[in-house]
Amino acid sequence: MIPCPFVIKRVRWETEDTFTVELTPREGRSKFDFLPGQFNMIYLYGVGEVPISICGDPSDSVLVHTTRAVGTVTKAMAKLGRGDSVGIRGPFGTSWPVAEARGKDVVFVAGGIGLPPLRPALYEILAHRENYGKVVLLYGTRTPSDIVFKDELEQWRARFDLEVFITVDRATEGWRGNVGVVTTLIHKAGFDAHNTIAMIVGPEVMMRFTTIEFLKRGVSPDSIYLSMERNMKCGIGLCGHCQFGPLFICKDGPVFRYPQLKDLLVKWEI
Amino acid sequence: MYRIEPDALNELIQVLQKEQYAVIGPTLRGEAIVLDTISSASELPVGKTDEQAPAHYRVEDKAEKTFFGASVGPHSWKRYFFPPTLKMFSARKDGESFEVTEDIDNPESTKRYALLGVRACDLSAIQVQDKVFGGGAYRDPAYLRLRQQAFIVAVNCTRAGGTCFCSSLRTGPRARVGFDLALTEVVDQGHFLLVEVGTDKGEAVLSGVQRQPAKDEEVEGAEHAIRAAAQLTGRSLEPDQTREILYSNAEHPRWEVVGKRCLSCANCTMVCPTCFCTTVEDVTDLTGSNAERVRKWDSCFTLDFSYIHGGSVRASSRARYRHWITHKLASWVDQFGTTGCVGCGRCITWCPVGIDITEEFRVIRETYLMNTRGKSST
Amino acid sequence: METLERILAQHQFFKDLSPEYLTLVTGCASNVRFEQDQYIFRVGDEANQFYLIREGRIALQLFSPDRGQITVETLGEGDILGWSWLIPPYFYVFDAKILDVTRAIALDGKCLRRKCEEDHTFGYELLKRFSSLLEHRLETTRLQLLDLYGVRS
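Chains as they are written, first to last, in the numbering used here: chain A, 1 to 270; chain B, 1 to 378; chain C, 1 to 153.
If you're looking for bench data, these hints aren't it; they were derived computationally from the structure.
Please note that the accuracy of each hint is not assured.
[Stated by the list, open to error] Below, simulated DSBU-like cross-link-like pairs (lysine-lysine); rule was C-alpha separation at most 35 Å, straight line:
{"#": "1", "chain 1": "C", "residue 1": "Lys110", "chain 2": "A", "residue 2": "Lys216"}
{"#": "2", "chain 1": "C", "residue 1": "Lys15", "chain 2": "A", "residue 2": "Lys188"}
{"#": "3", "chain 1": "A", "residue 1": "Lys267", "chain 2": "B", "residue 2": "Lys260"}
{"#": "4", "chain 1": "A", "residue 1": "Lys251", "chain 2": "C", "residue 2": "Lys128"}
{"#": "5", "chain 1": "C", "residue 1": "Lys15", "chain 2": "A", "residue 2": "Lys262"}
{"#": "6", "chain 1": "B", "residue 1": "Lys93", "chain 2": "A", "residue 2": "Lys31"}
{"#": "7", "chain 1": "C", "residue 1": "Lys15", "chain 2": "A", "residue 2": "Lys134"}
{"#": "8", "chain 1": "C", "residue 1": "Lys115", "chain 2": "C", "residue 2": "Lys128"}
{"#": "9", "chain 1": "A", "residue 1": "Lys104", "chain 2": "C", "residue 2": "Lys15"}
{"#": "10", "chain 1": "B", "residue 1": "Lys131", "chain 2": "A", "residue 2": "Lys262"}
[To be verified] Which residues of chain A face chain B? A few of them, derived with a C-beta cut under 10 Å, are:
{"#": "11", "residue": "Val7"}
{"#": "12", "residue": "Phe19"}
{"#": "13", "residue": "Glu22"}
{"#": "14", "residue": "Tyr43"}
{"#": "15", "residue": "Pro58"}
{"#": "16", "residue": "Gly103"}
{"#": "17", "residue": "Arg159"}
{"#": "18", "residue": "Gly235"}
{"#": "19", "residue": "Ile236"}
{"#": "20", "residue": "Gly245"}
{"#": "21", "residue": "Lys251"}
C-beta atoms are modelled at their ideal positions from N, C-alpha and C, and glycine is treated no differently.
Generate coordinates for the entire structure from the input sequences, incorporating the hints supplied.
Here you go:
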C-alpha cells in the first residue's frame, strides 16, 4: 500500500504543542470514508510515517487530524502550512461501538490528547441524538492551557442534550473550573450503570483507573471500550511492532472491549 | 518414488537453470554452510557435516561424499521470499506536493528461485510464513509473488542435528507437503538419492533428469534412516498448551535469570526462519527531490522496537526475551493458528551465550504443570 | 431535624449506619449556605466541622509566594469536605473557597469527637468511613501527581 497525497486546507494550533490539520484528497475520491476510532498512517515526504487517529466528523468531506508535535514526523508536520501535501494510508483499525450504544447512555472519558480520537464518535451520536439516552463527555487535561477544541467544547456545553465536565490535574491562577483527576468526574455523570456504554481514551494508567471506577459502579466489563496505542511501522499487521500480548493494536484494535485487555493491562512491560 | 544417481543432481540443477530459475543451495563459505546461488552440484557442501550445540558451530569433514550431510546453517530460506531489504516505493518531489510510485518490477520481488535442499523444519517454516504474509486481511504482494514463482526441492534428514527438535513439534524430519520434489540421500547401500514427486511442476522438471523407479528395499532403507533421525533427536519441546503455560507465567522468576544472560544481540531473530518483524526507513537523496521507503528486517530485541511517548514499553532484556518466546510459542497460535517455532535449532546454535528455547520453556512448563496438578488434586 | 436525618441517611457516606447512630449524627448536624467567593475555612483555623456538599463547588487551595493561590482540588455535590476534625491537632491545612453558591450540611466535629470517645463502636463506624474516603483521595492525588498527560522529554 502506498501513501495517497492529500493537501492541507487549514492548520490550527489548539495549544502550544498540539495542532489540527484539515486535509482534502489531491485527486480521486471526494470524501474520505472512515469509522469513528480508526486511524491513518500519515506520511511526510522523505521523513517517515506516524499513526494518528482520525478526529473529524464522519459526515464531513474534509479529513481532520489533531496531534501533538513530539517526534520527528509530527515535528516536521508542524512546520507545514496550507497548500502543502502529506501522504495518507488508511483508514485502519477497529471502531467505536456507535451502533451498539443505541438505546443506551453513553459516557465518553477523554484524558489529555485522548479527546481527538473520541470526537468522531461524539459527532456521530449527536447526529442521531434521538437514538441514545444520556450522553456525557468527561475530559481531563494537565492544565487549562492544554485544553483542545476550546470553541467546540463551549458549543457542546451550551447544548441541553449533552453534559460536558472538564477538569485539570493542575490549576493555574484564576482557573475556576474543576481540579482533580478525570476519574473524580465520573460520579457527576449520572448514567444508568446497567445500560451504559463507556468509551475511554488516554494514558494507559488513566484508562485503567477510569475502568475501575466504572466497574465499581456496576457497569459491565463488556460495555467498557478503550483505545490503545503502541509503536507502529506498517499499520496493517505485518511488521510486528504494535503487538500487545497476542493482539496487534493496528488490526485487532485500536478500539478494544475491556475483557480483551483485562489480563494484559496489569502485566508489566508486556 | 524414483531413484537418481549422484551425477543426476547436477542434471537437476541444469534443468532448473534452463527453466530460468536462480538455483539456491547450501554451500561452504569460510567456516559455515550458508545459502547462496549455486551453478553445479559440486558447489554443495560435499563431504561435509556440522557439529552444533548451544553457542557452538563447526563444519567437519566426513568419510562419505554426501551432498546434504550437514544440518541447517545460519541462513534460512525466508531471505528469498521475505528479503532482508525491500524497496516499498519511490517518491518524487513535485512543487508543494509529491508523487509516489510502487516499484512493481523490482528484481528483488520478481526473481524466480529454485530452493535446493529445504529441510522439513524449514519447509514448515515456509508454511508458517505463508500464513503470516498471505493469510490476513492485508497481504505482502512481494512475498506472494516470489513464493508463487518458486520451485522447492526438499531434503529429508537422515541424521539428527545437534540442536534441532522437529520431531516433538511434528514438523519433521520427513517433509510431508509443500514441496515440488523431495530428496532422501542414501549412503549405506551405495550412494544414491530417492526422489518423491510433490507436484506436477516437480514431475515436469524431474522428467529432464535420468531416473529409475526406486526398489522397495531402497525406500524402506531410507524410511528407516529418517525414523532413526527422529529418535536420535536430543531435544524436545511439547507444543500443547503453550498459551496457558506462557500467558499465566509472565512473572516467573526464570525471566530474570534468562534476562541476565541475554545480550539482546538479536541473532536469534535473524537466523529464525519464521521471525517476520520489519521496520521502515525513509531516505532522500542529497538534492531532496527523490525519496524512498525501504523495508528492513527488524528485531523485537532492539531497545527502540517498542518505543512510544518518550520510552520503550519493553525496556529490560528480561521483558524482550519473554516477549520473543511468548510470541514464538503462544501468541503465534492465537494470531496464526500454529506455533511459530519449527524446531530448527538455529536460535540455540547461534545464540552467543547459548540460551536454549527448549530449556527455557521446559522450566516454565514444569511450574505450570506443578501448579495445575496441585489444583486438580484438591 | 427530621428532614436532615433523611438526607443524611440517603448519603453514600452514612449508608448502613444503624438508626440510633444516625440519630446521634443528626444531633450534631445543621444546614448551611455559603456565597460565592466566601471562605468556609482557612489554613490554621481550628477544625471543628466537616461538610456534606449538597449543591455547589468548592476549591481547596494553598498559597505559595511564587505561584499565588493554587487550587489543588475541587469538590462538589455529594463530596465530603474536611477530615482534619478527626485527626489531631485538629487544624485545617487548606483554604476552602466557594466557587459556586454552596448548600451543605455542616457536622459538628467537636461534638462528634466527644461521642466517638464515649462510644468506641460509634467511633469505629465513623473511622471506617473516613479511611475509605482518605484512601480514595490518596489514590486520586497520586494519579494527579503522576502528571499522566505530561510529555516525556
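Hints, verified against the model:
1. C:Lys110 - A:Lys216: Holds - the C-alpha atoms of A:Lys216 and C:Lys110 are around 33 Å apart, at most 35 Å.
2. C:Lys15 - A:Lys188: The hint holds at about 19 Å.
3. A:Lys267 - B:Lys260: Within the cut-off at roughly 20 Å; holds.
4. A:Lys251 - C:Lys128: violated (47 Å)
5. C:Lys15 - A:Lys262: holds (31 Å)
6. B:Lys93 - A:Lys31: Holds - the C-alpha atoms of A:Lys31 and B:Lys93 are around 25 Å apart, at most 35 Å.
7. C:Lys15 - A:Lys134: Satisfied, since the Cα-Cα distance of roughly 27 Å is no more than 35 Å.
8. C:Lys115 - C:Lys128: This hinted pair holds, its Cα atoms lying about 15 Å apart.
9. A:Lys104 - C:Lys15: holds (28 Å)
10. B:Lys131 - A:Lys262: The hint holds at about 28 Å.
11. Val7: Constraint on A:Val7 satisfied, holds at 7 Å.
12. Phe19: violated (18 Å)
13. Glu22: violated (16 Å)
14. Tyr43: holds (8 Å)
15. Pro58: violated (21 Å)
16. Gly103: violated (31 Å)
17. Arg159: violated (33 Å)
18. Gly235: holds (9 Å)
19. Ile236: holds (4 Å)
20. Gly245: holds (6 Å)
21. Lys251: Holds - the Cβ of A:Lys251 comes within 10 Å of chain B, reaching about 7 Å at its closest.
Checked against the numbered hints above, the structure breaks hints 4, 12, 13, 15, 16, 17 and satisfies the rest.
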